[in-house]
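These protein sequence lines map, in sequence, to chains B and D. Numbering-wise (the numbering used here), the first sequence opens with residue 1 and increments by one. Numbering-wise (the numbering used here), the second sequence opens with residue 1 and increments by one.
Hints were generated in silico from the structure; no laboratory data involved. Do not rely on the hints blindly, as some may be mistaken.
Stated by the list, open to error - For lysine to any residue, the following SDA-like pairs were computed, each having C-alpha atoms within a straight-line distance of at most 25 Å:
id, chain 1, residue 1, chain 2, residue 2
1, B, K51, D, G14
2, B, K172, D, R138
3, B, K51, D, R138
So you can see what is in the structure, the chains are spelled out below.
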Amino acid sequence: MRRFSIFALVVFILAVGGLFALGPSGTQRVQTSFLGMITPFFTTGSDLERKVTAVRQGLKTLQELEAENKELAVSNKELQAINQTLRDLEAENNRLRNAMQYRERAAFQLVPARVIARDASSWWNTIKIDRGSADGVESDMPVLTESGLVGKTTFVAEHSANVILISDENCKVASSIEGSREQGIISGERASSTGQPALCMRFLSKTANLKPDQKVYSSGVGGVYPAGVFIGAIKEFRVRELDGYATLVPAVDLTTLEDVFVVLGKK
Amino acid sequence: MIRFFLILLLAALGALMLQFYIPPLAFMYGARVLLLPLVFFFGALALPFPAMLALAFACGLMWDALTAQVLDIGMGPTSARVVEIGMGWSCLLYAVLGSLMCGFKPLFQRGRWEIHCLLSGVCTSVIVLAEFLMISVRRAAFYNVPFEVHRDIWWRIGGPGLVALVLAPVFFFFLKSMAALVGYNTSAPEIEEEEA
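Only chain B is shown next, with the shape it has when bound in the complex (with noise of 0.2 Å):
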């Protein structure tokens, strides 16, 4: 029994120095393989998620599911109304730009992805997503909602992927602020005072003088993130010894994240 407890040490060692030897490639691999694996109990975890919250939210009366039909319905003619002068402004600015000699901004292609699972650690910020690479999503894609930035994939199984969010320290995105030539670096904090995922931005100009709820956008630099994607809004800015230095409010709320859209790429 001793021998066969050591035998079982060996082995164990060699196996675990196997798992040191993966580099990033073979990191991902396993992780690919693993979430692949997974994704069903994922998706079917995630549909009774969800039923059990339709259940819960769905107890109306006719009278209230009536009057939200009637909001809806109106809701609807002017997003309607206001898509169609967009899409009139947009098609105006392309043709101005063109005119002018610039590159044509074309919109982006979107996936559609729905969470499916919310990250269970205490120091990392992910979430799981129920888009793969059978649907054109690949490693190191902009991730967001219609209020804003949400992240980035990482690894990428056949029908999920793993989405590393804005509020987590390892997601760092270049920035720009409103009504400022200010550019900075925002991240997220491991752990905020507030219980809410917090951003912050660094590299910031001593001088920049920010004030609260100036909205901050993605600047584009280092090509993960298009340009333009509002992040969030400033909540305080205070200058340290060597840079300035600001607190976000994140655009999006990124603990009840239900629906977000993948960018392919553009149009």
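Position chain D against the provided structure of chain B, taking the given hints into account.
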């Protein structure tokens, strides 16, 4: 023993999946509920040492496969991809903590669970603390922040342990019942194996 080991593997996978649907606990300043360590710690008490190592490897691998981050360092021609915390660290951590649990096996075999439940809570917090220390070293970012943020960090380390402490008896009872169902005697696995 093999049947019970497979049950523990399935339970570990189930616990891992379930963790993803449990939101952070707001009253514990964002602490997470970690169920996977509980399944493993019961396995460490109920299984012989070699099987405990196999379970540690499986649990660590599953956890690392979902949390390991591959980062892009630098830009342009100097850019490189690195793994922040390599796969395998969790296996090692689980094996060390599992071995510690093994030391308390005689008491467990006599039907006393209190020390083991307490230890499960402490060890769950140790796992989260070890992760925190590893990423702090890797990112060269030990915290020099206001007290409120420190409070959150300590809750995130201690909270999962407290939850594990509360849940451990329930998990232990459930898994012991499963063992009985497949005819595995958790009280004396070594003796049983030697007889076989």
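Self-check item: Pairwise hint evaluation, R138/D against K51/B, where the allowed Cα distance is 25 Å at most
Solution: Roughly 41 Å separates the two Cα atoms, so the pair is violated.
Quiz item: If you draw a straight line from the CA of K51/B to the CA of G14/D, is it 25 Å or shorter?
Solution: holds, 20 Å
Practice problem: Decide if the proposed pair is consistent with the structure: K172/B and R138/D, CA atoms, cutoff 25 Å inclusive. | Solution: holds, 16 Å
When each numbered hint is compared with the structure, a violation occurs for hint 3 only.
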